[in-house]
Amino acid sequence: MNASERTLEEILKLAAEHFQVPREKLSPDDDFFEKLGINSLQALELLTRLENHFSVELPDYELQGVTDFRTLAERIQSRL
Amino acid sequence: MKSYNGKMLSWELREGVLELELHRPPCNEMGAGMLAEVEKFVEALSAKASEARAVVVYSSLAAGFSAGADLRELYQRMQGAPREKWLAGERAFLERVHRAMNALDAAPVPTVAAVHGVVFGGGFELALACDLIIADKTARFCFPELRLGLIPGFGGIPRLKRDVGNAVVRDLLLTGRSLNAQKAQAVGIVSQVVGEGEALRVARGTAAQILKFDAETAATAKQFLKPIPHEELKREVELFCELLTRPAVQAGLKKFVESTEAMPYLP
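Going down the list, the sequences are from chains A and B.
Residue numbers are given in this note's numbering: position 29 of the first sequence equals residue 29, and the series is strictly consecutive.
Residue numbers are given in this note's numbering: position 243 of the second sequence equals residue 1243, and the series is strictly consecutive.
Calculated directly from the structure, the hints in this document are not laboratory data.
Since the structure is predicted, the reported quantities are computational estimates derived from the model, not experimental observations.
It is possible that some hints are incorrect.
Said to hold, decoys possible - Computed from the model, here is a short list of chain A residues facing chain B with C-beta under 7 Å: (1) T48; (2) E51; (3) N52; (4) E57; (5) P59; (6) D60.
All C-beta atoms in this analysis are idealised placements derived from N, C-alpha and C, irrespective of residue type, glycine included.
Assemble the whole structure, with the sequences as input and the hints as a guide.
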């Protein structure tokens, strides 16, 4: 597993834990708003958890239009 | 008044510390009702008979400390009335907010904001009026007003400028982005970052520490360290009212009000 794949896996695991969804039900290309059933406030909670977990800073505007885990992982990986 | 149980907030004097609890769902949006109760709090705090030697402000709502001004209420106030009339009403409302915020800012006792989750707009401005901000790691700070074609109107820019460098103010204002608690601490907004759900406990401990010192000395130190930027605050009200009349603001508020999102002002 390379660094990008590890980042993606950690995101999926974190999202599953935080929103209490079985990890195996989440896939990299899922729309996380739909799959997790979250609104923009909960997405912000997820952003905070990801920033804390990866020790990165992700400006909100960099995530505008990002709805799937894979792209989210790419944005985080670009700051690691 | 040592305790008060209102619809939107409550307070209680506990061993010399006046604890203000915000509890207006969904996230302590500040409209006319909340302002009226904040004014009561400020009056109680300012009373000569007040036994408070420190203040702790916190929210008991899961969503966060406060999402700021009640924009739905603002939009409704603007509908159907002649422009001059609603604009005069908004100016009067803002001036009341500023009087309350200035009184909290200049309170002769140290004040601590214990924040978590959403600390946006007017909520951020309320926290900035306090002397110390203790944030749990879920807290996010944001001035989203420019997205609506406005600037913060509850004293945010002058108070943030007082505390941090202008580059940070520009970053927050001009991009509308939010900062997490660690970043907010790194730039000098937050004094302590604590674990999730721990902000109130740590704020109480901080208030207990403050109580060990002479109250008059603390008041003198605070007055010296934290002057109220009155001129800039007045200018902020003027600019806010000028911007409020623009069609872009009306359109932005309409979009906000009609959104079905839980927190439609978020990115």
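Hints that the structure is at odds with (numbers, increasing): Structure breaks no hint.
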